[in-house]
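Q: Single-letter residue listing:
Protein chains: 2
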Amino acid sequence: MKKAKIPQTTITRLPVYLRALVMLANKGEQITSSHGLAQHAGTNAAQLRKDLSYLGEFGTRGVGYDVDQLINEVSKWLGLLRDRTVVIVGLGRLGGALVGYQGFSQKGFKVVGAFDRDPAIVGTVVDGLTVNHINDLESIVKDTQGGVDIGIIATQAPSAQGVANRMVDAGVKAIINFAPITIDVPAGVVLRQVDLSVELQILSYYLQKR
Amino acid sequence: MKKAKIPQTTITRLPVYLRALVMLANKGEQITSSHGLAQHAGTNAAQLRKDLSYLGEFGTRGVGYDVDQLINEVSKWLGLLRDRTVVIVGLGRLGGALVGYQGFSQKGFKVVGAFDRDPAIVGTVVDGLTVNHINDLESIVKDTQGGVDIGIIATQAPSAQGVANRMVDAGVKAIINFAPITIDVPAGVVLRQVDLSVELQILSYYLQKR
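Read top to bottom, the protein sequences are chains A and B.
Letter 195 of the first sequence, counting from 1, is numbered 195 in the UniProt record's numbering, and no numbers are missing.
Letter 184 of the second sequence, counting from 1, is numbered 184 in the UniProt record's numbering, and no numbers are missing.
These are computed hints drawn from the structure, not numbers from a lab.
There's no promise every hint is true.
Each pair may be met inside one copy or between any two copies, as identical chains are not told apart.
The calculated BS3-like cross-link candidates involving lysine-lysine, where the alpha carbons are at most 30 Å apart (straight line), are [said to hold, decoys possible]:
| id | residue 1 | residue 2 |
| --- | --- | --- |
| 1 | LYS76 | LYS110 |
| 2 | LYS209 | LYS50 |
| 3 | LYS209 | LYS173 |
| 4 | LYS50 | LYS5 |
| 5 | LYS209 | LYS5 |
| 6 | LYS173 | LYS27 |
| 7 | LYS110 | LYS142 |
Computed from a predicted structure; not experimentally measured.
Sequences are here, hints too, so could you generate the full structure?
A: Quick look at the structure:
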């Protein structure tokens, strides 16, 4: 597969297109227009066509896109045709909710380790997974066959940077930070900062505009 | 304030710029360059300048942006200079985590009602808020002075559409759906579908590309 330079904004929309495509497939749709697919994905047809043009030549003018073919292509570009291993640190309410989030396991993300430092949480079982002490992070990452792809940080804000450092030292290649604080990682490690209040702020814009 | 037509993709980046700006302000920075700010926000300087150009004329060529001024302008555009009222339905683990999420209250989003239908959850207290039965949704929304701005759905997938319908009928103007299923709302109601696995899929792309 050609590894073209795809803009970051396009990459962030690919999972949204994938969700819309899967929804259409579940409804029994076999063909979709760029207009129809864009609407389900919350964008416009011109943007959608431009985004998909980075992946290759799809769709037939005047006919549309083959839903199953496009699901397969987008999945391939997103690297979803193989399973990914995940560790999660911070098993408070948010961390517990993330471990149990149906969307993760359904999409091939397998949680191989859960960690906390609170004696009241270490040793408990969350969704079939026993919570380990954070001090076992390094050995468990090392013992995971194929390594650990993704680390999720769901700690309180003051602990987040220290946890990120330990994940990087242990060899975790990509990190999602849900703690409400900005953290740094070395070049070569992929980082996404997720701020759940971003969605509320976007709605606030549209409420003001009405 | 002029209500220009701002592209949706720009709107989704404004909260990210705001977070980066607040982080810089907390570090004591008074001026930032478009390059520096873009880097903290995970985009590039050209995109940042284009996005901010929709809001007006900011920054001085060769000097940069005044951090505090830009925080104020972006907050104004996002409608964050007034508080927003929020109700949340579904007080399982994710809902409980959202009620307690520090980022919400810090940013002026006030949860005025929490609802569930599980007898084991109704009546319990989550972050100082007593969980009501879902059947009290309509009366509590009606009794909230100024109405309810935003409804958060954190139920299981099969319940999400029904809850959305009830929120809309009760007069809620904007909805965020965290349930892993696509729902419909009438025109005029603002909807954001949040799929937490989107972030994992974006990381998967970058892991594959390495």
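Q: All the hints need checking, so say for each whether the structure fits it.
A: Hint check:
For a Cα distance limit of 30 Å, the shortest separation of LYS76 from LYS110 inside one copy, 18 Å, qualifies, whereas the shortest one across copies, 41 Å, does not. Taking the shortest alpha-carbon separations for LYS209 and LYS50, both the intra-copy value of 28 Å and the inter-copy value of 20 Å come in at or below 30 Å. With identical chains, the CA atoms of LYS209 and LYS173 are at most 30 Å apart between copies only, with a shortest distance of 12 Å across copies and 41 Å within one. For a Cα distance limit of 30 Å, the shortest separation of LYS50 from LYS5 qualifies both inside one copy, at 13 Å, and across copies, at 21 Å.
In this homomeric assembly, LYS209 and LYS5 come within 30 Å of each other (Cα to Cα) only across copies, at 10 Å, whereas the closest approach inside a single copy is 35 Å. For a Cα distance limit of 30 Å, the shortest separation of LYS173 from LYS27 across copies, 28 Å, qualifies, whereas the shortest one inside one copy, 36 Å, does not. Proximity of LYS110 and LYS142 under a CA criterion of 30 Å is satisfied intra-copy only: 16 Å inside one chain copy versus 43 Å between copies.
Checked against the numbered hints given earlier, the structure satisfies every one of them.
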